[in-house]
Amino acid sequence: MPPETSLPGAFYVRPTLDVARDLLGRILCRRLPGGSTLRGRIVEVEAYDGPEDRASHACRGRTARTRPMFERGGIAYVYQIYGVHFCLNVVTGGEGYPAAVLLRATESPRKDGSASGPGRLTRVFGIDRSFDGASFLGDELWIETGEPVADAEVKRTARIGVDYAGEWAERDFRFVITSHPALSGPRSLR
DNA sequence: GGTGCGATTGCA
DNA sequence: GCAATCGCACCA
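In terms of my numbering, the first sequence is numbered consecutively and its last residue is 190.
In case anyone wonders, no lab produced these hints; they're calculated from the structure.
Treat the hints with care, since some could be wrong.
[Claimed, not checked] Simulated restraints on C-beta separations: (1) R187 - T63: 32 to 38 Å; (2) R129 - R72: 19 to 25 Å; (3) D139 - S179: 24 to 30 Å; (4) G161 - D18: 20 to 26 Å; (5) G138 - A64: 34 to 40 Å; (6) T5 - G166: 37 to 43 Å; (7) R187 - R67: 21 to 27 Å.
A quick note: this is a predicted structure, and the numbers were derived from the prediction, not measured.
Just so it is clear, CB atoms sit at the ideal spot from N, CA and C, and this is done for glycine as well.
Could you put the whole structure together from the sequences, leaning on the hints where they help?
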């Protein structure tokens, strides 16, 4: 079982932008098949908020792929991109409202818990489609409270790779720990 | 049943 | 700058 310091279910059942902001500094944890646990501090995330968000997969409605996004917060939404990489999202909010936070980068004093970019992150943590719908309150995957991150250390920017989303592409739904070396994306968004 | 493309990455 | 590589959304 995850430790007492694991974030409770109620943490995830809140507005997506709040959860995204509050996930910075938290510790993504994954118990590996061998029994050891991989840990990485979350330093970059993006929010995908509701059925109107043209950058969100859920803007097309409830489909086989996006079903987890419509569930109650606290589970994973994992999809494959470009037929090559997986992306790990934390589903947020109440049941019926499609929203999630994409985990884009982690850092760790241990090299094996560091990853810059959503595709690299899932590779490092051994996350694939088998984790789609998995709970963040279980004993294989969870997030620990970590250390708080002050507002002065947080920067908001536009999301990466969603130029097709019109005005939604310009919204500052990406949250990063300012100038952190592990951030992905263009330098202009650090 | 056919088609087009993507919340990315690594290599030329 | 562009190929890799495939699930899936959408149209017929």
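Look at the Cβ atoms of G161 and D18 and judge whether their distance stays inside 20 to 26 Å.
-> Holds, since G161 and D18 (Cβ atoms, about 23 Å apart) stay within the stated range.
C-beta pair D139, S179: status relative to the range 24 to 30 Å that was hinted | Given about 35 Å between the Cβ atoms, the range is violated.
Indicate whether the distance between the beta carbons of R187 and R67 respects the range 21 to 27 Å.
-> violated, 36 Å
Measuring from beta carbon to beta carbon, are T5 and G166 in 37 to 43 Å?
-> holds, 40 Å
Determine whether the Cβ-Cβ distance between R187 and T63 falls within the hinted range of 32 to 38 Å.
-> Distance hint for R187, T63 holds at roughly 35 Å.
Verdict for R129, R72 (Cβ pair) under range 19 to 25 Å | holds, 21 Å
Does the Cβ-Cβ separation between G138 and A64 fall within 34 to 40 Å?
-> At roughly 23 Å between Cβ atoms, A64 and G138 fall outside 34 to 40 Å, so the hint is violated.
When each numbered hint is compared with the structure, violations occur for hints 3, 5, 7.
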